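Chemist: All chains should be built: construct the whole structure from the sequences, respecting the hints.
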Amino acid sequence: MMLFKIAFRNILRNGRRSLMTASAIAVGAIAMILFGEYIAFIMVGLETGAVANGGHLTVYHKGYFDFGSGNPSAYSIDKYQSVMRLIENDPQLKPEITVVTPNVTLFGIAGNFALDASKTFYGSGFIASDRIKMRRWNEYGILRLGRADDVGVRDNDETHGVVGIGMARVLGLCQPLKIANCPSPPKPKTASIADAPAPDVNLAELSARDRESVQAPPADKAPRIDLLAATAEGAPNVVSFFVNEAVNMGFKELDDMYVGMNLKLAQQLLYGRGEHKAVSIQIQLHRTENMASAHARLDALFAKHGLDLEVHDFKELQPQYNQIVGFMSAIFTFISVIMGVIVLFTIVNTMSMSVMERTNEIGTARAMGVRRSGIRRQFLIEGWMLGTIGATAGVILTSLLANWFNHAGVMYTPPGQAHPVPLLLLTQGVGTLLFSVWFGLVLMATIAALFPANRAARMLVVDALRHV
Amino acid sequence: MKKLLVGFALAALLTPAALAQSKPPTAQDIVAAADTTRNPGQPFRITSTLVEYVGGKPRDRVALVVFAKENKQTHQFSNLVRYVDPPRDLGKMVLMNGSNMWFYDPSSKVSVRISPQQRLMGQASDGDVVTANLAKDYAAKLLGEETLQDADRKDRACWHLDLTAASPEAIYSRIEYWIEKGTNRPVKGKFYSDSGRLLKIAYYHKYAEQLGGMRASETIIIDSVDQNLVTTMTTSDMRAQDIPDAWFQREYLPRLKVD
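Just so you know, the sequences run in chain order H and L. The opening residue of the first sequence carries number 3 in the numbering used here; numbering runs sequentially from there. The opening residue of the second sequence carries number 224 in the numbering used here; numbering runs sequentially from there.
Note that these hints are calculated values from the structure, not bench results. Quick caveat: nothing in here was measured; it's all calculated off a predicted structure. Please note: incorrect hints may appear among the correct ones.
Here are the simulated DSS-like pairs of lysine-lysine, each with C-alpha atoms no more than 30 Å apart in a straight line [what the hints assert, rightly or not]: (1) K279(H) to K413(L); (2) K377(L) to K429(L); (3) K64(H) to K317(H); (4) K280(L) to K189(H); (5) K121(H) to K279(H); (6) K121(H) to K315(L); (7) K266(H) to K413(L).
Modeler: Below, the structure written as structure tokens:
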């Protein structure tokens with residue numbers, strides 16, 4: 003106890019220098035913790051986004067994940083309703099599951115032939131009420147502004163849906179949908195060839211004979227496009243599709259391709275008159291920590307019932323999740339190393355100066371019979387104490403700063419998303435982060451004190467006493 | 224993509240001589256009669272010209288030579304289509320064998336498979352209107368007799384038939400089909416997709432003597448999805464030719480020598 007008292011008094015002896023040293027450590031702690039909390043927020047934000055949009059686990063027909071996107075109808079889940087019932091009624095899974103919902107993805111051609119505009123589309127068919135329920139997932143209590151409760155598709159309305167903004171632009175729907183900053187497509191050039199014979203029948207009259215007003219536009223005047231797709235047998239299939247609105251999908255590739263529609267319409271397009279299947283079944287759990295056990299349970303369940311299905315979790319389906327985790331971790335490690343080095347040098351510097359100043363004192367103590375280890379311990383405790391004071395101050399300051407920042411209302415748009423969300427620092431559930439930063443800095447400070455302490459301990463008593 | 228698939232201007236156009244009918248025919252008989260007439264009963268070659276009209280103005284023209292042979296097992300035609308005009312497309316070939324479709328480019332000497340999903344647009348799908356052997360894949364029902372204006376605005380007394388898909392290979396879920404009474408010549412067809420939407424309308428006209436039968440030498444295909452688009456398919460120079468089976472092998476395409 004005496005040692006600690008002496009160490010504390012020694013720290014106070016040169017108060018300004020100790021304050022600067024402790025401040026350096028505190029700033030290091032603040033930087034690391036704030037950045038760690040920011041990363042933690044990004045990660046749970048990504049997780050919440052991924053889970054809210056696609057669920058934790060997705061069930062596919064075996065082989066779909068590797069080969070299916072080229073031919074979704076050949077890798078579809080037959081009798082998906084019974085598979086869903088099997089999952090929902092499983093006694094182990096039942097208490098963990100929020101939503102189990104079927105999904106159909108397909109490729110085809112979307113056309114607005116009145117404007118002679120068409121392009122390939124990537125369609126996603128889902129059950130709107132399930133999708134809304136999934137979007138409310140909020141395990142980490144992150145308030146997500148935006149359109150949580152409106153997916154633009156209704157359960158009871160097969161023909162309406164949404165398209166990406168890029169898709170709307172290509173199809174010339176900017177004006178009807180009232181999209182800002184969206185130019186209308188240029189008039190297509192009517193290329194014509196000269197040497198073709200003029201038709202000897204009146205083509206206009208001929209095609210006017212059977213022209214049916216496809217469907218009277220509904221009262222809400224949503225613009226109509228045609229969606230073409232082919233079934234597995236190659237039969238072409240066309241449906242009318244009314245666009246409620248254009249949604250921003252976050253990145254251009256998807257924005258230019260996306261059509262969100264009712265599950266039944268997607269099934270109609272992809273399976274035609276055949277059995278209406280599902281391409282995938284999405285499962286959302288209450289808590290992410292149950293994901294591994296639910297995954298194992300599903301595998302066991304499918305093996306037991308001889309179902310040819312495979313399960314993937316959102317980390318596999320969204321490779322950017324793990325990429326962003328890795329990227330952020332690398333930055334965090336880098337910053338931590340730099341902070342550690344700074345702390346190391348600060349402590350080494352401060353303690354070396356102490357040792358220099360107190361050479362006479364060390365000689366006196368040694369002459370009075372204090373052993374080398376006693377001197378070393380003395381300086382080690384001083385370093386440890388500086389580190390502790392600095393790190394503790396840093397942790398306390400960080401919580402004040404984070405609290406202030408979280409109330410400042412900063413907004414940002416996370417990677418791969420379309421709408422700005424509040425930028426927060428995650429202050430709950432980061433105990434491990436706080437402790438490891440605190441412990442790391444204290445350890446660093448103690449190690450840093452080791453070199454000056456060793457030097458002090460190795461001094462020759464006579465030289466130290468004579469030192470001026 | 225659209226261009227390369229230009230149609231399979233085939234056998235379909237060949238509507239043969241009337242079958243002698245003594246008693247009132249059943250719907251299936253009528254369709255079969257119209258079908259058998261599409262098929263000259265022997266392998267043949269034919270020159271086919273497709274012109275695409277947009278809003279009444281010709282936009283594109285392609286001339287093809289089609290070699291067709293009926294597969295004895297499936298009763299569907301295997302087709303080899305060779306581009307002859309415009310010159311930049313000369314030598315390109317499309318092989319259609321059952322539900323497989325291959326595109327062959329002579330400059331690279333490779334053939335590329337075209338999946339069903341990639342045949343959606345343009346005239347690619349027009350082949351379906353003219354090649355299919357309808358009696359096999361569809362169940363026909365007689366809706367009644369009707370007097371119908373053909374493409375030349377002439378009234379024809381027709382059987383009005385309703386064909387519904389009876390096998391998974393059937394491309395369309397439903398076809399409305401008008402066949403002239405007595406001659407069993409198809410006059411008009413309306414083709415519907417699985418979703419019930421009208422996809423295209425075909426008028427068969429300009430019947431002329433070709434390879435031992437009266438066959439339509441022009442088919443007008445009206446696209447009902449892209450309503451500006453009309454394609455005419457004119458056939459000529461139809462003659463019997465013995466075609467080796469090897470011609471319908473994908474591997475044989477690079478070695479195929481056609482005049």
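Chemist: Compare the structure with each hint and give your call.
Modeler: Against the structure, the hints:
| no. | hint | verdict |
| --- | --- | --- |
| 1 | K279(H) to K413(L) | 29 Å, holds |
| 2 | K377(L) to K429(L) | 12 Å, holds |
| 3 | K64(H) to K317(H) | 18 Å, holds |
| 4 | K280(L) to K189(H) | 16 Å, holds |
| 5 | K121(H) to K279(H) | 26 Å, holds |
| 6 | K121(H) to K315(L) | 25 Å, holds |
| 7 | K266(H) to K413(L) | 26 Å, holds |
In terms of the numbered hints stated before, the structure departs from none.
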